[in-house]
Amino acid sequence: MVPEAEFRSYYGRPVIKGPIWHEPHMPTYLYLGGLSGVSSMMAVVAGFTGHHRLARTARVAAALGAATGAGLLAAELGRPERFLNMLRVFKPTSPMSVGSWILAAQGGLSAVAASSELTGILPVVGDAAVLATGVTGPLTATYTAVLVADTAVPAWHEAYRELPFLFAGSALAGAGAMGMLATPRAEAGPARAVAVLGAAMETVAGAVMERRLGPAGEPYRLGRAGHLMRSARALTAGGGLLAVVAGRSRTLTALSGLALTAGALCTRFGVLKAGRASAADPKYTVVPQRQRLADERPA
Amino acid sequence: MTERMGFFTDTSVCIGCKACEVACKEWNQLPDDGFVFEATSYDNTGQLGASTWRHVAFIEQTRPVRMNGDQDDGVDRWLMSSDVCKHCTHAACLDVCPTGALFRTEFGTVVVQQDICNGCGYCVPACPFGVIDRREGDGRAWKCTMCYDRQRGGLEPACAKACPTDSIQFGPLDELRERAEDRVERLHADGHPEARLYGESPDDGVGGAGAFFLLLDEPEVYGLPPDPVVTTRDLPSMWRWAGAAALSVAGVVAVAFAGFGNGERR
Chain A
1 MVPEAEFRSY YGRPVIKGPI WHEPHMPTYL YLGGLSGVSS MMAVVAGFTG
51 HHRLARTARV AAALGAATGA GLLAAELGRP ERFLNMLRVF KPTSPMSVGS
101 WILAAQGGLS AVAASSELTG ILPVVGDAAV LATGVTGPLT ATYTAVLVAD
151 TAVPAWHEAY RELPFLFAGS ALAGAGAMGM LATPRAEAGP ARAVAVLGAA
201 METVAGAVME RRLGPAGEPY RLGRAGHLMR SARALTAGGG LLAVVAGRSR
251 TLTALSGLAL TAGALCTRFG VLKAGRASAA DPKYTVVPQR QRLADERPA
Chain B
1001 MTERMGFFTD TSVCIGCKAC EVACKEWNQL PDDGFVFEAT SYDNTGQLGA
1051 STWRHVAFIE QTRPVRMNGD QDDGVDRWLM SSDVCKHCTH AACLDVCPTG
1101 ALFRTEFGTV VVQQDICNGC GYCVPACPFG VIDRREGDGR AWKCTMCYDR
1151 QRGGLEPACA KACPTDSIQF GPLDELRERA EDRVERLHAD GHPEARLYGE
1201 SPDDGVGGAG AFFLLLDEPE VYGLPPDPVV TTRDLPSMWR WAGAAALSVA
1251 GVVAVAFAGF GNGERR
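Which chain is which? The protein sequence lines are A and B, in order.
So in the working numbering, spot 264 of the first sequence is number 264, and the numbers just go up one at a time.
Count along the second sequence from 1, then add 1000; that gives the number in the working numbering.
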């Protein structure tokens, strides 16, 4: 373990205020946003490559993920009746403003795509909408990393390079798992591949993040956050390996899909917990800032 | 925009009377935030928050104070400081606010429009000083307005008006900065080499604070970050990394499907 850094503080009180976002709303939204975004991307490619059954699952998952996620976000507000104020301005300096517009587009387009798929009405409009989600989908899955990194929370801000890839991997694994679980197994091959590659990306991004952050990454290793992040790693790696060998086995597919989904959720809850922990202890704010000053002005 | 206005809080003359806290509460009609006994010092306010826009910190130090020449008189040093929103030049709360509720006034201060704020809470962890917070029950974010209403009426903010020792000084920021430089020089000459300004430099990580301080110890002793940086400074870089991740999502999905050729053609 890293030696305890010496630092001064005001009665050990936090310097910054931690995220006040609720559980399970916020981390569940992070998962659902990822699910929706990657599902859209899968729907696009599945449509082009003639995997129609998988395309249908992906369109529905994309629409449900975005709609449920938006609902959770509205419930999360201090003034939910003012939800639409999110679209009052477009503000490039605010990842939440940019994200609201991305999510609004993703939600609308994926709803049109899914409705058209299920009802058979206006297939051309549905296809056009799904094509457009090829742009909004990957953004929906990854903008949330900027959302959390663009704060004074040390464990989040310092990880702004790796978090997008961690979230992208987690989203790929989650959406792949959903595709595996909700598509007849004979036609779920590409979903299994997405899940495997996503699990690999999530695992690598997590390892790189931990390595590069050093002492600043401690909140990801300690306490409840550490427990969640370790569970996420085990579930994701295990689920990914199972997906490789699952083939058309019903039991293995179910186990793998559930493990990957649980892993993706654990990652999101773990990241929120780590952010809270790093905001609550003044050490994570004061020590790196002192170090920065010492590096800038050598004695 | 009229002249940029600010606060200069000279903690060397703060007597810890908390008149600023009370005046702020009264003028701004802030609800009480509970009667808490912190059991650490005379500070039972704790920290700035949605209903606490001035907070007087009390720090009791066992370091002896030099009185006559090099003689220690054994008296412990007692630091007091009235903290407040910094009204940063580069304000993270304002940058990240998705609704435009937070805005920059004609006095160069940062204020929340309460009829717009939807309580998303993004400003709360964005502030590098831990100033702004969401009020329970009300659901919206609140912080010091530097008495926007009083300023518009040509009055000084309530805290500065109430301060009996002029520890809290209000005025045009340029003027306050000059006054603060003089004060630091004077304190250094009087044998207080530890006196230093905090937040006065336009070159710091937040582009200089509209409310800056004269401190007698390291900022973190008062609960202030030693080197605050506005988080949005790295935003372009953050978007580049997220963009790369978004592209890799598309790439991974394409690769995953590539191995399966064309699916069922029915």
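Since the hints were derived computationally from the structure, they do not count as laboratory data.
The structure presented is a predicted model; accordingly, all values stated were derived computationally and were not measured.
The beta carbon of each residue, even a glycine, is placed where N, CA and C say it ideally should be.
There may be inaccurate statements among the hints.
What the hints assert, rightly or not - Simulated pairs of lysine to aspartate or glutamate, EDC-like, Cα-Cα distance not exceeding 16 Å:
hint, chain 1, residue 1, chain 2, residue 2
1, B, Lys1161, B, Glu1026
2, A, Lys283, A, Glu6
3, A, Lys283, B, Asp1149
4, B, Lys1025, B, Asp1149
5, A, Lys283, B, Glu1026
6, B, Lys1161, B, Asp1149
Unchecked claim - Simulated restraints, written as ranges between beta carbons of each label pair:
hint, chain 1, residue 1, chain 2, residue 2, range
7, B, Ala1258, A, Gly247, 15 to 25 Å
8, B, Ser1237, A, Gly71, 57 to 67 Å
9, B, Val1255, A, Pro123, 55 to 65 Å
Stated by the list, open to error - Just some of the chain B residues that point at chain A, by a computed CB distance under 7 Å:
hint, residue
10, Ser1012
11, Cys1017
12, Ala1039
13, Asp1133
14, Arg1134
15, Gly1137
16, Gly1139
17, Arg1177
18, Ala1180
Hints versus structure:
no.	hint	in the structure
1	B/Lys1161 with B/Glu1026	holds, 13 Å
2	A/Lys283 with A/Glu6	holds, 9 Å
3	A/Lys283 with B/Asp1149	violated, 38 Å
4	B/Lys1025 with B/Asp1149	holds, 14 Å
5	A/Lys283 with B/Glu1026	violated, 35 Å
6	B/Lys1161 with B/Asp1149	holds, 14 Å
7	B/Ala1258 with A/Gly247: 15 to 25 Å	holds, 19 Å
8	B/Ser1237 with A/Gly71: 57 to 67 Å	violated, 32 Å
9	B/Val1255 with A/Pro123: 55 to 65 Å	violated, 28 Å
10	Ser1012	violated, 18 Å
11	Cys1017	violated, 19 Å
12	Ala1039	violated, 10 Å
13	Asp1133	holds, 6 Å
14	Arg1134	holds, 5 Å
15	Gly1137	violated, 9 Å
16	Gly1139	holds, 3 Å
17	Arg1177	violated, 21 Å
18	Ala1180	violated, 20 Å
In the structure shown, a violation is registered for the earlier hints numbered 3, 5, 8, 9, 10, 11, 12, 15, 17, 18, in ascending order.
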